[in-house]
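Protein chains: 2
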Amino acid sequence: MKRLILALDLEERGAALDIAELLKEEIAAIKVNYPLVLSTGMEIVKELSKIRPVICDFKVADIPYTNGKIARIAYENGAKAIICHGFMGKESIEACSSVLATIVVAEMSNEGSGDFFEKYSQRIVELAIDAKAIALIAPATKAERIAYIKSMAPEVKILSPGVGAQGGRASDAIKNGADFVIVGRAIYNSNDPVTIAKKINGEIESTLTSA
Amino acid sequence: MKRLILALDLEERGAALDIAELLKEEIAAIKVNYPLVLSTGMEIVKELSKIRPVICDFKVADIPYTNGKIARIAYENGAKAIICHGFMGKESIEACSSVLATIVVAEMSNEGSGDFFEKYSQRIVELAIDAKAIALIAPATKAERIAYIKSMAPEVKILSPGVGAQGGRASDAIKNGADFVIVGRAIYNSNDPVTIAKKINGEIESTLTSA
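Chains as they are written, first to last, in our numbering: chain A, 227 to 437; chain B, 227 to 437.
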């Protein structure tokens with residue numbers, strides 16, 4: 227099983243489809259964010275879903291009524307999962323998780339977010355479990371926080387972004403309890419995306435073997 | 227000056243344009259959210275901008291790199307402002323405010339969000355001011371919180387959603403310091419949207435006069 231998720235943070239339809247096709251054997255899923263969807267239209271989710279399962283990284287953070295609408299549109303376009311914030315409360319998460327598989331952000335990879343997340347992530351994890359989220363986001367840039375979050379929710383999968391361009395390492399993420407690592411720029415901005423992806427998969431495998 | 231902002235939470239292009247056109251004399255701006263944009267495409271922002279200034283209520287809540295991309299796409303499509311969350315930190319807000327006018331969510335209208343926001347809104351308001359946000363969101367459903375937020379940031383405009391369908395009252399919002407009220411379903415789901423909008427504008431005017 228591959229444990230690499232491609233963060234497809236491009237803004238051009240053709241380039242996005244090409245890179246997804248090129249990497250399909252190396253990745254478990256494709257994570258798309260708003261810049262791609264707003265630039266090309268929501269149909270890109272349908273098209274990418276033919277290549278690999280798509281996670282809509284929409285960091286949904288609204289009232290339940292709006293969260294539910296966004297989740298439904300993602301679902302109708304073929305998304306297999308959606309990423310949602312926990313700050314809006316249990317009902318807002320449930321508005322997503324009642325529509326499709328929902329992944330809650332337990333912590334973010336950027337420095338500035340620590341101010342709130344490090345104080346509040348325990349509560350977010352509780353809310354996420356309570357609202358039937360299937361997975362959590364915890365960043366590879368703060369690998370010790372992955373272990374902390376895993377200790378709170380050993381039964382929930384952890385997806386770790388921040389590998390590569392943001393400075394995190396796949397091996398550190400896996401060692402600390404991540405189930406999947408999310409990599410974007412380090413792969414698709416390289417001259418040889420397949421080789422980089424294979425290298426990351428190799429690093430993940432050897433970390434798991436030596437664990 | 228009108229102080230009513232239309233929350234255009236429809237999902238159909240024609241209906242959205244029709245209602246915006248119908249109400250243009252009664253409203254200061256049009257607030258669009260992701261359900262409309264994902265259903266019809268980002269061009270709707272351009273089209274609505276010809277009728278009234280558009281606020282992209284994207285509740286942006288990502289790392290600075292991604293926030294900046296989303297803000298740029300909103301700007302390129304004619305949006306006059308974007309709504310962003312503060313809990314990602316100052317740099318994430320600045321990634322928006324360096325591109326276009328940015329409005330930060332100080333508090334949300336739904337019950338479940340109180341858990342987090344009532345503890346942290348003071349810090350969020352500080353970050354918003356520091357990051358040069360031009361306005362704050364504070365809900366009419368919790369009117370006493372508007373006064374609290376206004377007291378922290380008297381120089382920053384306050385926009386209050388939650389009027390109508392969510393139970394808040396325009397007069398309470400204005401009395402407590404809101405500069406604009408945001409109304410959606412109560413207007414466009416009515417049989418006579420113009421009359422309802424005029425009624426809300428009248429309520430706002432008489433509240434301001436009697437203050």
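Worth double-checking, as some hints may not be accurate.
No distinction is drawn between identical chains; accordingly, a pair holds when it is met within one copy or between any pair of copies.
As the list claims (entries may be wrong) - Okay, derived cross-link-like pairs now, DSS-like style, lysine-lysine, Cα gap no bigger than 30 Å in a straight line:
#1 Lys345 <-> Lys424
#2 Lys358 <-> Lys424
#3 Lys272 <-> Lys228
#4 Lys383 <-> Lys345
#5 Lys358 <-> Lys425
#6 Lys345 <-> Lys228
#7 Lys401 <-> Lys383
#8 Lys316 <-> Lys250
#9 Lys358 <-> Lys383
#10 Lys306 <-> Lys276
#11 Lys272 <-> Lys345
#12 Lys316 <-> Lys424
#13 Lys250 <-> Lys306
#14 Lys345 <-> Lys250
#15 Lys425 <-> Lys345
#16 Lys358 <-> Lys272
What the hints contain is simulated information worked out from the structure, not anything from laboratory work.
Hint check:
no.: 1; hint: Lys345 <-> Lys424; in the structure: neither (36 Å within a copy, 45 Å between copies)
no.: 2; hint: Lys358 <-> Lys424; in the structure: neither (33 Å within a copy, 43 Å between copies)
no.: 3; hint: Lys272 <-> Lys228; in the structure: within (22 Å within a copy, 41 Å between copies)
no.: 4; hint: Lys383 <-> Lys345; in the structure: both (21 Å within a copy, 29 Å between copies)
no.: 5; hint: Lys358 <-> Lys425; in the structure: neither (34 Å within a copy, 42 Å between copies)
no.: 6; hint: Lys345 <-> Lys228; in the structure: neither (33 Å within a copy, 40 Å between copies)
no.: 7; hint: Lys401 <-> Lys383; in the structure: within (14 Å within a copy, 47 Å between copies)
no.: 8; hint: Lys316 <-> Lys250; in the structure: neither (35 Å within a copy, 36 Å between copies)
no.: 9; hint: Lys358 <-> Lys383; in the structure: within (12 Å within a copy, 38 Å between copies)
no.: 10; hint: Lys306 <-> Lys276; in the structure: within (11 Å within a copy, 36 Å between copies)
no.: 11; hint: Lys272 <-> Lys345; in the structure: neither (37 Å within a copy, 40 Å between copies)
no.: 12; hint: Lys316 <-> Lys424; in the structure: neither (38 Å within a copy, 36 Å between copies)
no.: 13; hint: Lys250 <-> Lys306; in the structure: within (16 Å within a copy, 39 Å between copies)
no.: 14; hint: Lys345 <-> Lys250; in the structure: neither (38 Å within a copy, 44 Å between copies)
no.: 15; hint: Lys425 <-> Lys345; in the structure: neither (35 Å within a copy, 44 Å between copies)
no.: 16; hint: Lys358 <-> Lys272; in the structure: within (25 Å within a copy, 38 Å between copies)
Hints 1, 2, 5, 6, 8, 11, 12, 14, 15, counting from the list given before, are not met by this structure.
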